[in-house]
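**Q** Take the two lone chains and join them into the complex the hints point to.
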Amino acid sequence: MSSREPRRYAIRVRGRLAPRWAPWFEGMALVPQDDGTTVIDGPVADQPALHGLLRTISDLGLPLVSVTATDEPTL
Amino acid sequence: MGPLLESKYRRPARRPGTVARARLTGALDGVLRAALTVVSAPPGFGKSTLLADWLATVGEDVAAVAWLSLDERDDDAVRFWTYVVAAIRASGAGVGDGALGLLAPGSPSAEPALVALLNDVGAMPRDLVLVLDDLHLVTAPEVHDGIAFLLEHRPPQLHLVLATRVDPPLSLSRWRARGELLELRSADLRFTGQEAATYLNGPMGLTLSAGDVATLDGRAEGWIAALQLAALSMRGRDDVGAFITRFAGDDRHVVDYLTEEVLARQPPDVRDFLLDTSILERLTGPLCDAVTGREGGRAMLATLERANLFLVPLDDRRRWYRYHHLFADVLRAHLAEERAASLPDLHRRASRWLAEAGDLVAAVDHALAGGHVDHAADLMERGTPAMRRERREAELGRWVRSLPDEVVRVRPVLAMAFVGALAQVSDFATVEQRLGDVEHAVRPDGGAWPEEPPPGLVVVDEEGYRSIPAGLEVYRAALALRRGDLDAAAGHARDGLALAPASDDLVRAAAGALGGLASWARGDLVAAEAAYVASVAGLHRAGFVADVLGCCIALGDIRRTLGRTGDAERLYRWALDLTDPAAPVRGTADMHVALAGVLLERDDLTGAAGHLDAARGLGEHRGLPQNPYRSRVAAARLAEARGDLDTALALLDEAERLHDGDYSPEVAPVPAVRARLRIRRGELHDAETWARHLSPDDEPTYLREYEHLTLARLLLARRDDAAGLLERLRVAAEQGARTGSLVEVLVLQARAAQVRGDMPSALGVLRRALGLAEPAGLVRVITEEGPPIAMLLRALPKQDPAYGSARRLLARLEATEGGPAPRSLVDPLSDRELDVLRLLGSDLDGPDIARELSVSLNTMRTHTKAIYAKLGVGSRRAAVRRAHELGVLPHRR
Numbered sequence: 633m634s635s636r637e638p639r640r641y642a643i644r645v646r647g648r649l650a651p652r653w654a655p656w657f658e659g660m661a662l663v664p665q666d667d668g669t670t671v672i673d674g675p676v677a678d679q680p681a682l683h684g685l686l687r688t689i690s691d692l693g694l695p696l697v698s699v700t701a702t703d704e705p706t707l
Numbered sequence: 018m019g020p021l022l023e024s025k026y027r028r029p030a031r032r033p034g035t036v037a038r039a040r041l042t043g044a045l046d047g048v049l050r051a052a053l054t055v056v057s058a059p060p061g062f063g064k065s066t067l068l069a070d071w072l073a074t075v076g077e078d079v080a081a082v083a084w085l086s087l088d089e090r091d092d093d094a095v096r097f098w099t100y101v102v103a104a105i106r107a108s109g110a111g112v113g114d115g116a117l118g119l120l121a122p123g124s125p126s127a128e129p130a131l132v133a134l135l136n137d138v139g140a141m142p143r144d145l146v147l148v149l150d151d152l153h154l155v156t157a158p159e160v161h162d163g164i165a166f167l168l169e170h171r172p173p174q175l176h177l178v179l180a181t182r183v184d185p186p187l188s189l190s191r192w193r194a195r196g197e198l199l200e201l202r203s204a205d206l207r208f209t210g211q212e213a214a215t216y217l218n219g220p221m222g223l224t225l226s227a228g229d230v231a232t233l234d235g236r237a238e239g240w241i242a243a244l245q246l247a248a249l250s251m252r253g254r255d256d257v258g259a260f261i262t263r264f265a266g267d268d269r270h271v272v273d274y275l276t277e278e279v280l281a282r283q284p285p286d287v288r289d290f291l292l293d294t295s296i297l298e299r300l301t302g303p304l305c306d307a308v309t310g311r312e313g314g315r316a317m318l319a320t321l322e323r324a325n326l327f328l329v330p331l332d333d334r335r336r337w338y339r340y341h342h343l344f345a346d347v348l349r350a351h352l353a354e355e356r357a358a359s360l361p362d363l364h365r366r367a368s369r370w371l372a373e374a375g376d377l378v379a380a381v382d383h384a385l386a387g388g389h390v391d392h393a394a395d396l397m398e399r400g401t402p403a404m405r406r407e408r409r410e411a412e413l414g415r416w417v418r419s420l421p422d423e424v425v426r427v428r429p430v431l432a433m434a435f436v437g438a439l440a441q442v443s444d445f446a447t448v449e450q451r452l453g454d455v456e457h458a459v460r461p462d463g464g465a466w467p468e469e470p471p472p473g474l475v476v477v478d479e480e481g482y483r484s485i486p487a488g489l490e491v492y493r494a495a496l497a498l499r500r501g502d503l504d505a506a507a508g509h510a511r512d513g514l515a516l517a518p519a520s521d522d523l524v525r526a527a528a529g530a531l532g533g534l535a536s537w538a539r540g541d542l543v544a545a546e547a548a549y550v551a552s553v554a555g556l557h558r559a560g561f562v563a564d565v566l567g568c569c570i571a572l573g574d575i576r577r578t579l580g581r582t583g584d585a586e587r588l589y590r591w592a593l594d595l596t597d598p599a600a601p602v603r604g605t606a607d608m609h610v611a612l613a614g615v616l617l618e619r620d621d622l623t624g625a626a627g628h629l630d631a632a633r634g635l636g637e638h639r640g641l642p643q644n645p646y647r648s649r650v651a652a653a654r655l656a657e658a659r660g661d662l663d664t665a666l667a668l669l670d671e672a673e674r675l676h677d678g679d680y681s682p683e684v685a686p687v688p689a690v691r692a693r694l695r696i697r698r699g700e701l702h703d704a705e706t707w708a709r710h711l712s713p714d715d716e717p718t719y720l721r722e723y724e725h726l727t728l729a730r731l732l733l734a735r736r737d738d739a740a741g742l743l744e745r746l747r748v749a750a751e752q753g754a755r756t757g758s759l760v761e762v763l764v765l766q767a768r769a770a771q772v773r774g775d776m777p778s779a780l781g782v783l784r785r786a787l788g789l790a791e792p793a794g795l796v797r798v799i800t801e802e803g804p805p806i807a808m809l810l811r812a813l814p815k816q817d818p819a820y821g822s823a824r825r826l827l828a829r830l831e832a833t834e835g836g837p838a839p840r841s842l843v844d845p846l847s848d849r850e851l852d853v854l855r856l857l858g859s860d861l862d863g864p865d866i867a868r869e870l871s872v873s874l875n876t877m878r879t880h881t882k883a884i885y886a887k888l889g890v891g892s893r894r895a896a897v898r899r900a901h902e903l904g905v906l907p908h909r910r
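So the sequences go chain by chain: C and P. Going by my numbering, the first residue of the first sequence is number 633, and it counts up by one from there. Going by my numbering, the first residue of the second sequence is number 18, and it counts up by one from there.
Okay, chain P solo, but in the shape it has when bound (with noise of 0.2 Å):
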């Protein structure tokens, strides 16, 4: 973004010489009673001095009013409304604090930033009147649906004006139906006679007759700054008559015709000047100095202004100023005719000017508009380091496609930045090309890369040129990445890591995400963990908040799959610290989800619900793109922990929706936490649909490890085998280091056990798990699975190393189980045994049953034993009381 120009948002003074146009002020109160305030005409018109009269006129108690000059380069989203936030905060409005921190550089959507602000307008007590001048300056649809949404969602105090010269293209007949439409065209700010004689023989100091003004008028058209031009034109001219006549009679492009008398009647230095510094978007006294070649620049801008030679003063201080637009287009042809030879020197001084005084954007327009292209590429080097911290890559971009190709080839450091340029719009291709083209300009024969540049290559930005190999790798790394080859992006994200020099911050960055992505989707989350370390620790010192929050994401899931959950929590609590609880960027609810997500899994419901509730306080609209979904997720979690389980589905419903993983890997997708909810919930015909895909037989990959621990849950439910998948999973886990992973697999192994009757393996499996659960701080991955677990954890003896955490568990548990919170089978019946169940609830006893059931003696008692289990219980009579009490048999009368 760079400096914001101040200049840019202040709103312009009244200024003395214009005409009082009541009929046009008084049409301007309706402002505060409309949506949209169109003022459209071409240049010349009036338009900004009309708005700043009437502006003069609204008192601060009514409104504050928040003023916006665009230009050329506001075409840009982010840019644009951060331009637009800046104006309304300097207005007095008291708001856009908010909506600041959602504007970080490189945001993919103003969105949530107008989100934020809206809500913020809508709070204020008084009106906020918001002028953009210039508008047609800026034809990004991008800016103009944001402008729409504004529109749209605008609360009653917000009043939008535009002055443009091309109607936007904002349904205008809409809201002209729903009378919220205020327009004023060139046919209602054309002087009338009456203001034009007001004008000529007031301000301008003329004494004309009637006539003389209709005849000039008539002509002019009631185009203001013609009548200006004219009157300057006049002034001091002893045939006023005759001058009339002339212009009348003549059919020149009328602005065309009165600046040049006008030039004509200037002495020759100010002449001179006016040509010379025409070339200048601003103006200022040593500015002007430097291109003119002579002194008092300053005092000649100040002698201009008084003259009313169309220069408009952009501060208090009559520091910078420009010219009329219209006018400066005059000027510039004039000295493009009269003195073409002379613009390379007049822009080469402009741009040197410009550099020194840190306008590098300025300094790098003038020098190609003089050119200078190698002066501009110099330049180019010398500002994308900054470009770069800012994300202005699409400028980056746009520069270098203004160079000649033989200038560029010769520039690998630029050459480097016009990559970046080309991945940000993904055109992938060109940068695999230049990636090859700047190597084989440094090192045409792949030999070592060489300290200082060879001969013939022109390097101005040295730090550049040392991040070249490291850049090299890293873009390499996105190109294997987007091919799906994990492993070489794994590769050349390690090598980035490796040559990038340590104060290349954003070098660091992106080898640490890319290479962390690669490792983390191949299933090495000790390689990932590490990498976005790195990655995060790059961010945070180029200060990149936003960006932080979003690789803490990562780097916080990767780590509790590691089971360093400590770690995880630890993290989030530094990330959110990093955000300015005034101004929270996006991220910030992310950060609040994660850390419910921490809490849910230490059995902290409370803990977990207050950050859920943060987290929706902050609105989506300070969440990164896979908050919708993750909230939900989270939030499906909790109420599951509750015991509602159909708020649970609909929630997880909800997250299918809206699910967008955001370029990460999907370890657990939501179709598979839905599986795990169904099998709770006892509809194992849901999740056997959902499974078809799975195989108990298939090889374990970490990114199925999610789902086949969900299908390894639908096994142990049906009391169907898992423990091939279940070891296979193990040796997984444990290969990778994912502890976290690890453990509910010992969880689901001593279930396994349990149920096959096995308890001595039960046990011994439960307690390796206990000792790995405890210093990682998961609770409900034991708790979860209920009574049966219970049964388990009671059944450990008092000397067993395991015993004081499996009694802290069930402390847990029957807290859980007194609570008011409805409760059900974690691990239903299935049908054959709900037949043996209800006839252990009768008199008869073991064989009666099994011949009921036409089924062994064998047969039944394994039944009884998977009931007993599920149930959490030891007897007969235990289990029918638990059944009854759970409604799994119907309540005894």
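The following block holds chain C by itself, in its conformation from the complex (with noise of 0.2 Å):
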């Protein structure tokens, strides 16, 4: 089952993050959107490690919008 995990993973979170900000979310971009958030976008070894993201995203206080697995297979 773990390989059909998403790998990838598009994180929406209000108010626009500065490019200081990217080694707390090593190997992912950060891409400012018009609507004032901003998408965290990129490569997610396993669930522990999204679950990971997901907590600095809590800890440094950004009000999380949505989480979209990218490479998720179309049915």
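Honestly, the hints are just simulated from the structure, not real lab data. Every residue, glycine too, gets a C-beta built ideally from N, C-alpha and C. Some clues are possibly wrong.
Estimated spans, in silico, between C-beta atoms of each pair [to be verified]:
| no. | chain 1 | residue 1 | chain 2 | residue 2 | range |
| --- | --- | --- | --- | --- | --- |
| 1 | P | Gln211 | C | Asp667 | 28 to 38 Å |
| 2 | P | His457 | C | Val699 | 44 to 54 Å |
| 3 | P | Met141 | C | Val663 | 21 to 31 Å |
| 4 | P | Arg558 | C | Pro695 | 32 to 42 Å |
| 5 | P | Ser443 | C | Arg639 | 49 to 59 Å |
| 6 | P | Gln441 | C | Asp667 | 26 to 36 Å |
| 7 | C | Val663 | P | Pro472 | 51 to 61 Å |
| 8 | C | Arg639 | P | Gln441 | 29 to 39 Å |
| 9 | C | Ser690 | P | Ser419 | 33 to 43 Å |
| 10 | P | Arg558 | C | Val699 | 47 to 57 Å |
| 11 | C | Val699 | P | Thr74 | 19 to 29 Å |
**A** Written out as structure tokens, the structure is:
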């Protein structure tokens, strides 16, 4: 089953994040959006890594808007 | 565990400059009516501040307050609960001493301590509020299980308050449904417009219009940290209106934006200080000086605190602080962006200062964060002996895993520490491989162990280097034991003990215990005894009391089997003296149970009962894993000695259900103990069912000795031939110097000879048994045989060397017989014997009886002799009288 776990995520948070926060989200791109949100986009090793990312977001006080697996096979 | 950081369980003082929030402190009064209070919100919502404010309103007569600030390192059940107990002890609640004794480092479970704690709290005259702050930092399921356990079993006095960013996994809905949950969430904690206005225009000293406040609060959404940052940015600013407009129109992350504003407005020295020291988890003046390379750190910290720059004091004397988490994160982001090149130096300086101050864990963290892996490895190696003493193998393992493999490979001492961590998590395949790596690194050609580490290897801890040869043997003994190769295990353990430096208590203790276990299972009890003595001595010197008690169970058993009952008793009493009666450690109950066993063997039933009561009084949580079953076996034996065979049987059934051998060899299996009781109750069929896996022709081995002795008892009860089996058991017990076993064999041999009608042999063997039993303090093994053995004892002539001993036993037997306990036949009569006995009560003579039963006269006489022996009588008339007394024959009208 693990091979079917999504490996790429786009995590949208409210507020624009300066590039200096990139080290907090290693290997992921911080993409500011026009609507004042930021999409944190990139590869995620596994589910624990994803939860670690979400925790970092919570620790920074960033309101979470959405989490999307971007490599989910389309059915 | 390391030194407890007092600041962790210091309850934060009310901070000046906070807004009184009556709607929330009023709601928090519900804490004292709720089982559980959860204050759940993202960082910067004022959770801790609010709780501190409310706690200041709780009268000391109403409740004691224990506060614990958690951090990531508390993600370990024993460490976590040790801090909780420390916090409760510091709260003035007057409880927790008992629990502390049950939280030895390396304890397998915190539950015994929690039981003790709950019992103590349940007896408190006032309530106890236990606050766990920043609980989200702890994720270990064992910790959450423990919290759930605490809640499930809480006495009404206990009120748990959890402040967290993440809801704890505690099935909150159930507590909510029961009406025992109080919740405060971010929606509750956000500043209302009114609170924002009071805060900004009050403590923060601004004069903002209602419109400005509304704009700010709208952008910050009541987030207190953001409003605080905004206030700091506006202080002393002329263009407050413009600032507010700009802020409201910006879509950057609020904290990010505002921190930048705040930082931009600080003088350069303050700004530098903030950035440089942001790498520190905890700040104190001299540490800040070391990191910044400047002086005046202490004064700077005081200035920052006065300026409300997110500095949280950690003690009353204003010596230790930390930055607010959120603020620290932003500072670190700026530091990494602006001065990434200075990071290794900052961490190196922090690491050096912390190592000198004795906080090795933090020093290692900084060395690793700065990329100084060799320095980190040096620190780890220096810290290894203390970590091992404190049973922090798991932490050691995490440390070593954080180093590149090539660094570990050239550091044999550190590699051995890693092996210890691997062994603790039962990763034995890797243990084996790592042991080979270490050995190969130090002596690639397999020659003698070099006194000095060969060139190319790094050794910081020289004593640790000298312990490696012994350590290798100890781990190899453990691996062999796991494979079931007892000979190899005993050999490696022996070598380990021989190679261990006299000063390394832990290696000696480990080698001793492993060797003891292996020798015990092999039946070499003399070697096992010596090995366990070494282990107990090492553990005692290292101060591991609970482990000393654990080893004493084994060592006492071994001594008793060797017939050294007195030495066993002295050992148990010595071990009990090691424990603090105010805070008994686990294993205290086991020592009482063991003493009960010794006293029972001496026929001191009152003394035995006293110790069993003492063990029960301590509670199961003060027993080691074997105690539930061992205490019931001991209680069964006491019940049996008192003649209450039904209770004994019920207790043995319970013992079997609760059985946990805890890696000890199974020398007296509960089913065999129960088979003995069945035999005594005359339920031979049940005993026969049990005995199916055994044969009288089996070659005796020590691990089967107890079972074979039980089989011999069954054969005797059935009047079958047990002579061959008993003789082989005797030889084996003698060869193994197992005097305790030997006495039992001899007693059974005497009984067998008696049944055969061979009185000279019976008396000869009995004489030998008595000569061994009396100095060993063994009584019941003889008196248990009841009337038949009494007959033999009476038959010893006055001039016999064992005569005095026999008389003393007879006096005991008679005292027991006169006692109130209901008696039963120790050795039940067979159906055929009962037929004979019934006819003995008639007027028929011998030949008539034989004819009646269609047996030969000789057979009839054999039966008669057996009946006399079992009833302990010498004549037909006495046999009939006794049979009536015992209820074997119906009472005469």
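**Q** Given the hint of 47 to 57 Å, is the C-beta distance from P:Arg558 to C:Val699 inside that range or not?
**A** 55 Å, holds
**Q** Just tell me: holds or violated, for the beta carbon distance of P:Met141 and C:Val663 against 21 to 31 Å?
**A** For P:Met141 and C:Val663 the Cβ distance comes to about 56 Å; the hint is violated.
**Q** Would you say the C-beta atoms of C:Arg639 and P:Gln441 sit inside 29 to 39 Å of each other?
**A** For C:Arg639 and P:Gln441 the Cβ distance comes to about 33 Å; the hint holds.
**Q** So the hint says 28 to 38 Å: do the beta-carbon atoms of P:Gln211 and C:Asp667 match that?
**A** Holds, at about 31 Å.
**Q** Take a look at whether the Cβ-Cβ distance between C:Ser690 and P:Ser419 falls inside 33 to 43 Å.
**A** 25 Å, violated
**Q** Evaluate the given range 32 to 42 Å for the C-beta pair formed by P:Arg558 and C:Pro695.
**A** Once the Cβ atoms are compared, 57 Å apart, the range 32 to 42 Å for C:Pro695 and P:Arg558 is violated.
**Q** Check the following: the C-beta atoms of P:Ser443 and C:Arg639 are separated by a distance inside 49 to 59 Å.
**A** At 31 Å between Cβs, range violated.
**Q** May I ask you to test the hint 44 to 54 Å on the CB atoms belonging to P:His457 and C:Val699?
**A** Given about 48 Å between the Cβ atoms, the range holds.
**Q** Per the hint of 51 to 61 Å, is the separation of the Cβ atoms of C:Val663 and P:Pro472 within bounds?
**A** 54 Å Cβ-Cβ, so the 51 to 61 Å window holds.
**Q** Determine whether the Cβ-Cβ distance between P:Gln441 and C:Asp667 falls within the hinted range of 26 to 36 Å.
**A** 51 Å, violated
**Q** Taking the Cβ atom of C:Val699 and the Cβ atom of P:Thr74, is their distance within the range 19 to 29 Å?
**A** For P:Thr74 against C:Val699, whose Cβ atoms are near 41 Å apart, the range 19 to 29 Å is violated.
Consistency note: the structure conflicts with the earlier hints numbered 3, 4, 5, 6, 9 and 11.
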